[in-house]
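Let chain P serve as the given structure and place chain E on it in line with the hints.
Read top to bottom, the protein sequences are chains P and E.
Going by the numbering used here, the first sequence runs without a break in its numbering and finishes at 409.
Going by the numbering used here, the second sequence runs without a break in its numbering and finishes at 1409.
A few of these clues could be false.
[Claimed, not checked] The calculated DSSO-like cross-link candidates involving lysine-lysine, where the alpha carbons are at most 30 Å apart (straight line), are:
1. P:230 / P:101
2. P:73 / E:1301
3. E:1176 / E:1211
4. P:150 / P:176
5. P:73 / P:27
6. E:1176 / E:1203
7. E:1334 / E:1392
8. P:21 / E:1139
9. E:1204 / E:1176
10. P:203 / E:1021
11. P:27 / E:1301
12. E:1101 / P:211
13. P:204 / E:1021
14. E:1073 / P:301
15. P:308 / E:1073
16. E:1334 / E:1296
17. P:139 / P:73
18. P:305 / E:1073
19. P:27 / E:1211
20. E:1296 / P:39
21. E:1039 / E:1296
22. P:139 / P:203
23. P:150 / E:1150
24. E:1301 / E:1101
25. P:73 / E:1305
26. E:1101 / P:296
27. E:1073 / P:73
28. E:1039 / E:1203
[Claimed, not checked] Pulled from the structure, derived: some chain P residues nowhere near chain E, Cβ distances all over 12 Å:
29. 73
30. 332
31. 347
[Stated by the list, open to error] Derived list of chain E stretches under chain P, where covered just means 3 residues or more per stretch with a C-beta under 8 Å from a C-beta of chain P:
32. 1068-1077
33. 1132-1139
34. 1278-1292
35. 1348-1355
36. 1369-1377
Hint data in this document are derived by calculation from the structure and do not stem from the laboratory.
Glycine included, every Cβ here is placed at the ideal spot set by N, Cα and C.
2 protein chains.
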Amino acid sequence: MEAKFPPEPVMTDVTTAWDDKFCDRCKMMSSSIIREILKFAQMPDVISFAGGLPAPELFPIREFEEACAHVLKTDGQRALQYSMTEGYGPLKEALAERMGKYGVTTGPNNILLTNGSQQALDLLGRVFIDPGDVIVTGKPTYLGALQAWKVYRPRIVGIPVDDEGMQMDALEAALKTENPKFIYILPNFHNPMGVTLTLERRKKLVELAAKYGTPLIEDDPYGELRFEGKDLPPIVVLHRENVIYLSTFSKILAPGIRLGWVVAPENIVRKLVLAKQGTDLHTSTLIQMITHDIVKRGILKAHTKEIKRVYGERRHLMTTSMEEHFPEGVTWTKPEGGLFMWVRTPEHINCMELLETAIENKVAFVPGTVFYPDETGLNTLRLNFSNAQPDKIIEGIARLGRVLREAIG
Amino acid sequence: MEAKFPPEPVMTDVTTAWDDKFCDRCKMMSSSIIREILKFAQMPDVISFAGGLPAPELFPIREFEEACAHVLKTDGQRALQYSMTEGYGPLKEALAERMGKYGVTTGPNNILLTNGSQQALDLLGRVFIDPGDVIVTGKPTYLGALQAWKVYRPRIVGIPVDDEGMQMDALEAALKTENPKFIYILPNFHNPMGVTLTLERRKKLVELAAKYGTPLIEDDPYGELRFEGKDLPPIVVLHRENVIYLSTFSKILAPGIRLGWVVAPENIVRKLVLAKQGTDLHTSTLIQMITHDIVKRGILKAHTKEIKRVYGERRHLMTTSMEEHFPEGVTWTKPEGGLFMWVRTPEHINCMELLETAIENKVAFVPGTVFYPDETGLNTLRLNFSNAQPDKIIEGIARLGRVLREAIG
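The following block holds chain P by itself, in its conformation from the complex (with noise of 0.2 Å):
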């Protein structure tokens, strides 16, 4: 993309008084390496597993169509027009009675809409996280998480995570000598790992999180996508007001629309709205208002029935071909819903080294040490199965395994 103007040189990388302006806080921000290696998987032929994209043929374009033009007829004026932080009423109350069927018992005053969960993410780090404080996450974790706190200077307690989730005995050694703020966990579908705790484990980190008064953020993007298997209780049913959950509707309508929510106690939603404020007053009016229309019109259930359906084929086609095409000594999870699977190679390979023979082999992953807050876990990369279409799940899994095949040798 070559801009048509500047008719002479512009602001590039000259020298300004703001040179030696940038504060010590600019020092924990990076760019996600995820978002370096999107680049390169987007070059011609690459097949790439290394997003958490969606498909986006499944958007269901033709509702969003008639729900802007009902919004924008019937209630333009208020739809444009600045509007409460907390978000919209009615998305407020549908959200809250969303939540009672799961057997959350919340009213519109717990609930904060958001631009996406990696706000309330944001929020929920600038209104708890002193620097130094310790806070506990799963080993791995979802980056976006990592990145959103890293600026708040915690100390980040990173527990093991294995094929049923984060190990409650690593845990508790944890509580026991760390006083964390809180403990940050995706019980469902875990991203990076694809992994679901168990309802024991479920049982049991409710039981140390109230011997040791810890609170919790419960993080649910894709609970919702259980394409196998049986639903898990929310560890916020388990454990209720000592729990914030988070979810939203990246993953069961679209992402590109930015909007979460946040389910908390009335007086950590006031606080929340109080950061949110200063951060970018609300959430777009048109947005959230567009989405309550979608969700009236009662399409999400079936909706996001047909994306478990696609999803479940692709998980299915995906591990199906990694049966066939990966080497001895690569194992990888199973998962039940969401959208990604984990990989482990032997210890000698690293993934991050693999990328790259990867990349010249026209396939691309995630390599797994982005996601430890240790940077460990060299031997592990991620797959994303929801974005590529059956025919490429194939030929790049069958890449992926020749690439594996010659680096394990």
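Coordinates of chain E only, in the frame set by chain P:
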């Protein structure tokens, strides 16, 4: 708004494991007093000059409908998918071109799209302000900037603003001794005062900024809403890459979409992008593409002309009514654009107390003191002239005149 459930007591103000977990930063967060005032201002029969809302009857609703339909029909998958943190490329190009017309020579890489200018203010604080840093603002200044920056704990040095804008002798005195990180300036139709920095002072400002090596943040939400007099060159034209320039679609299109932009040297844009990535990944793709579609349709010029006509008439009606109804000893600014006007009462009047009497008399304003970093300015108040219909302006000013006459005695 009553919740239909909960079936049992829910997350209200119960004791939870979160209660002692709020961080020190929270102490710096306060709700905008304006928001509290707006609650009273929204009572039936109250004529409010308190908010900062555009006239909703001027929103180009039909153009939004057309743009929504066109974007979703022609490029729906892109509009609903994740996108780049920097913003939608074609909109950045259009904005760079637009800036070029004002004499600001930039390319798309100098532009970052934000969730309204408020997010730009937050990101700038996040990237530049270390605790204890001095920053210079007007006294009074935009309340949202104070709210955005206080959490980063700067020491704010306020420079008096008169009818010609920020006072340059006071600014120089501060620059001599304080070594501030930056100067924050609202040159056109200042919020809350409505005043415009004269050309002479603009030149002096740039001379001082160069002399002391202090960079500038130029906040220009209202620059295109001049209904009288002649446009003056933006500070960024006079001092180029030492100035970070902010603007927004809130006042020329609609605030409910939450879309603003930053113009800055590339290395600063890159830092702001990192900061934004951690806070919300990116701004709504759909909103950016809809806005780009509207910009491309070329309606903005005719649309801002209409806004200026209406606001100019309302400002004129308001000052004419004030001349008729306000008692001696009360003075006011005569803005040549924007949304706000500033009233000074005799020294012994406390406009915070005056507001109570005003609400009793069914008229509302914002006490000026809330815009002062040092909480002085008790004998001032802000009036909005963009939102109220002409008959309300006449009646509201008559009511406020009675309240003022009674208070002054």
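Checklist entry - CA of residue 1296 of chain E to CA of residue 39 of chain P, is that 30 Å or under? => result It holds: about 28 Å lies between the C-alpha atoms, which stays within 30 Å.
Next on the checklist: Against the 30 Å threshold, does the CA-CA distance of residue 21 of chain P and residue 1139 of chain E hold or violate the hint?
Outcome noted: 23 Å, holds
Checklist entry - Regarding the pair residue 150 of chain P and residue 1150 of chain E, is the alpha-carbon distance no greater than 30 Å? => result Roughly 20 Å between the alpha carbons, so the hint for residue 150 of chain P and residue 1150 of chain E holds.
Item to check | 30 Å Cα cutoff - pair residue 203 of chain P, residue 1021 of chain E | outcome: Holds - the C-alpha atoms of residue 1021 of chain E and residue 203 of chain P are around 23 Å apart, at most 30 Å.
Item to check | Hinted pair residue 73 of chain P and residue 1305 of chain E, Cα distance within 30 Å | outcome: With a Cα-Cα distance of about 24 Å, the restraint between residue 73 of chain P and residue 1305 of chain E holds, given a limit of 30 Å.
Checklist entry - Between residue 308 of chain P and residue 1073 of chain E, is the straight-line Cα distance small enough, at 30 Å or below? => result Distance ~25 Å between residue 308 of chain P and residue 1073 of chain E Cα, so the pair holds.
Checklist entry - Is the hinted pair residue 1301 of chain E and residue 1101 of chain E satisfied, with a Cα-Cα distance of at most 30 Å? => result Holds: residue 1301 of chain E and residue 1101 of chain E sit about 13 Å apart, inside 30 Å.
Checklist entry - Given the hinted pair residue 204 of chain P and residue 1021 of chain E, is their alpha-carbon gap at most 30 Å? => result Given that 30 Å is the threshold and the Cα spacing comes to 23 Å, the pair holds.
Checklist entry - If you look at each residue in the segment 1068-1077 of chain E, do at least three have a Cβ nearer than 8 Å to any Cβ of chain P? => result Answer holds; 6 residues pass the 8 Å Cβ test.
Checklist entry - Has the given pair, residue 150 of chain P with residue 176 of chain P, been kept, meaning a C-alpha gap of at most 30 Å? => result It holds: about 24 Å lies between the C-alpha atoms, which stays within 30 Å.
Next on the checklist: Please verify whether residue 1101 of chain E and residue 211 of chain P have alpha carbons no more than 30 Å apart.
Outcome noted: Distance ~64 Å between residue 1101 of chain E and residue 211 of chain P Cα, so the pair is violated.
Next on the checklist: Check the hint pairing residue 1334 of chain E with residue 1392 of chain E against an upper bound of 30 Å on the C-alpha distance.
Outcome noted: 19 Å, holds
Of the numbered hints stated above, those contradicted by the structure are hints 5, 11, 12, 16, 17, 21, 26, 28, 29, 33, 35 and 36, listed in ascending order.
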